[in-house]
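Peer 1: Take a look at the letters that make up each chain.
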Amino acid sequence: MTAWNIRPIASALWRNRTGALLVAFQIAIGLAVLVNAVYVVKQRVEKIGRPTGMDTPNMIWVASAGFAKNFDYDASWREDIATLRALPGVKAASVFSNIPLSGGGSSNGFQNRPGEIPPKEAVPGNNYDVDEQAIAALGVKIIAGRPFEAHEILPPSETFETSPQAIVTAAFAKELFPKDPNPLGKTFYDGLSKPITIVGIMEHMHGAWVGWDKLDHVVLFPRIKSGPNAVYLVRTEPGRRDAVMRDIEAKLGDSNPGRLLRWVRPFDYFINQSYLDDRNMAIFLVSVTSALLAITALGIFGLATFNVSTRIRQIGTRRAVGARKLDIVRHFLVENWMVTTAGIVAGCGAALGIGYWISVKYELPRLDLYYLVGGVIGIWLIGLAAALQPARRASGISPAVASRTV
Amino acid sequence: MFSYYLQLAFRNLRRNPGLTALMIGAVALGIAVCVMTLTMYRAMSGNPIWWKNDVLYAVTMDFWDPQQPNYDKKPELPPEQLTYRDAMAVYRSDIPKHKVIMHKAVGIISIDGSQVKPERAATRVTSKDFFATFDVPMQYGGTWTDSADSGPEPLMVISRKMNEKLFGGANSVGKRVRWNDTEFRIVGVRDNWLPLPTFYDVNNGALEEPEDVYIPFGWTAALELPSAGNTNGWKPEDITNFQEFLNSELVWIQMWVELPDAAAHDRFQAFLDNYAQEQKKAGRYQRPLNNRLTKVDQWLVDNNVVSNDDRVLVGLAFAFLAVCLLNTVGLLLAKFLNNAPMTGVRRALGASRKQVFMQHLVEVGVISSIGALLGLVLGATLLMGLRALYTVDPTDAGGTQALAHVDVTSVITALGLAFFATIAAGLYPAWRIGRIPPASYLKAQ
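Those protein sequences? They're chains A and B, same order as listed.
Position one of the first sequence corresponds to residue 1 (my numbering), numbered consecutively onward.
Position one of the second sequence corresponds to residue 1001 (my numbering), numbered consecutively onward.
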């Protein structure tokens, strides 16, 4: 141990402790912020990256709003859908009541038996009115049963009515019928005890609200959305989305003077909007944390440089009495390591405290200790890198300065 | 003396330009991040109508499911909106000085025989007091009358922005426009108005811009307008037509009242409770009596307008500022100590401790002023970046654009905070350097 000269380094450090303490403080804050920022960012990135179950890169949403007095909604949506399906590059098109992952939609409580049930037993489902091409247009995978058929599609209803058939996600079916391995063909009920038969089961699909813990509870009903506003979903051949969007603008833009083509948008527009806060939070955390670490590194660098510049004569003396360059480098690195480690010890406490607060506020699992270990190693490396240049400069000091006066 | 210290300060700053740049950079970065975060935080959480906080109340009434509250996490709160029937009943009270019932709708605005393209307009279906209650500035004209609400009469107020699109910004009072299929006459143009957050209706995100079109509340029933915001319910009901929808237990109407003093507040509270008691007799309102008049600041807290993300960001901004300041203290100390031999000479020649202290403090002041100035520029740049982050589609930026309107108060707050914090950070090094006995440095020379 004597070769490392821990004791004299520590005592030299203690004699000039103010600067070292300031840097240790910065390191403590830096570690606490780093560990928790990485933790939160990872949660966000995972949330944004969840599979949606749909063919999102090739999907387009179209909104039309009828406003004229003589506007014929029924004729209008039929004409629009026929036009959309006939466009080159279009795989399928369907009338939808709402847009998944858009933050807007309708949800209802459903139940596995008729009659009054305790509110806690109701299974919430995000429901959509769709037509017979919906499954093809969404690109979802049917694992049991079949898509809707054209003759099953009901006319618009003004009154939030459910339909006698439904296609549901596997997650929703499992919560309704937890013991049943094959819920296809089973009947469930809406809040008014109207029966609904499951004719198809989707492997997975995301609903409207990305912050909802039942995001994968989706129920599709065979019904046309009520007018006078319509929303159409168009799915294109891979890679042809943007070309088809231009075609849609051109074809539907002026086809009917009684309505307004409100917009034609790629699905990504809505998905990005829904995850905007999460994405921005991640960007914000990453940039502020990097800036914070950079400043801390500058602090370490500044302290080491200062220590070297105030000890030029002492370094020269040590060199003159036989210390090798390596000994000088090691001296400054060890000194710096002590400061860093003091900061890390304080920072671990702060990191765990903040981590606990965040896990309570966001209702997340407690901070994993791996993050802390990773953070400690990261800070050590940053500290080492920041002190390396001043330490090497110190080792370059000539032994001759010891004998110079001024 | 001061100008001499200033001269000295600039000379010293030039002596080690690297260290100086590092310090100024740290201060500037700290200030920039604080300006940005505080602006954002204020936009999200500030009370945009604080001057009326003691008289303006959101009205909520708890008639919800007897078996479970509206919101599990805050079981003490009634639903944030009212049913149409309750809103109409309570609106009849003449206790409030101003009263507003309203909901959001969407309409297509067009002008007969005009070249202007029909446009979709977010619309607020509301009662006549809307503008007086929320202190909405008017550019031309004014609001409608009571009889227009119940009539309903085809009168409309549009925003300045909409007026610019439709009429090129001219005084359009008296002009006619078509809203969906109904012809309305414009009675007023509201001036630019951007309460952030949009506290009066927090259903659709608190950073939405206010609506561009306002029409009397009576049109809800006349045109069978549903809400373009949220409609929630707890009771399974078989609703087959719009009249049944209006009479249902679904909540979708927002209500606000202005009660000028405590007496009016108590009388209106009693009026609400009395109404609920009567409804209890009729079988509704089966939960414990819980009718609330909520002030705006509490309303924003109740409705989670301030998210956990915002709190984390503010914490992060302060941690960042702390690191920047610690850094500055360390660098100042290093810099001053580097200069100690010179200070020793000055002390030996007769400068008092106080004078040395003042001289160094002036140097700190110069550094923090330059840092603050740079920080402001950098902060404004970051806010521009923030606007880009929040814009999904540049043609449809909506209210989030307002986020990046640099808010003067929060900029001054952050600047002041950072400036004084830097000065405070400089106190210790300046004091420390003044305490050095001059002899020790003179000897070493």
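Keep in mind the hints are simulated off the structure, nothing from the lab.
Glycine included, each C-beta is placed from N, C-alpha and C at the ideal position.
Take the hints with a grain of salt, since some may be wrong.
As the list claims (entries may be wrong) - Derived CB-CB ranges, DEER-like:
#1 B:Trp1051 <-> A:Ser359: 25 to 31 Å
#2 A:Ala86 <-> B:Asn1247: 40 to 46 Å
#3 B:Asp1273 <-> A:Pro118: 43 to 49 Å
#4 A:Ser11 <-> B:Trp1431: 21 to 27 Å
#5 B:Ile1423 <-> A:Gly239: 42 to 48 Å
#6 A:Arg50 <-> B:Asp1094: 21 to 27 Å
#7 B:Glu1278 <-> A:Leu369: 56 to 62 Å
#8 A:Ala82 <-> B:Asp1146: 34 to 40 Å
#9 B:Tyr1071 <-> A:Tyr370: 33 to 39 Å
#10 A:Glu121 <-> B:Asp1054: 26 to 32 Å
#11 B:Asp1094 <-> A:Glu249: 33 to 39 Å
#12 A:Gly239 <-> B:Thr1182: 43 to 49 Å
#13 B:Thr1182 <-> A:Glu249: 40 to 46 Å
#14 A:Ser359 <-> B:Asp1297: 24 to 30 Å
Peer 1: Checking against the hints above, which ones are violated?
Peer 2: Hints 1, 3, 5, 6, 8, 10, 11 and 13 contradicted; others consistent.
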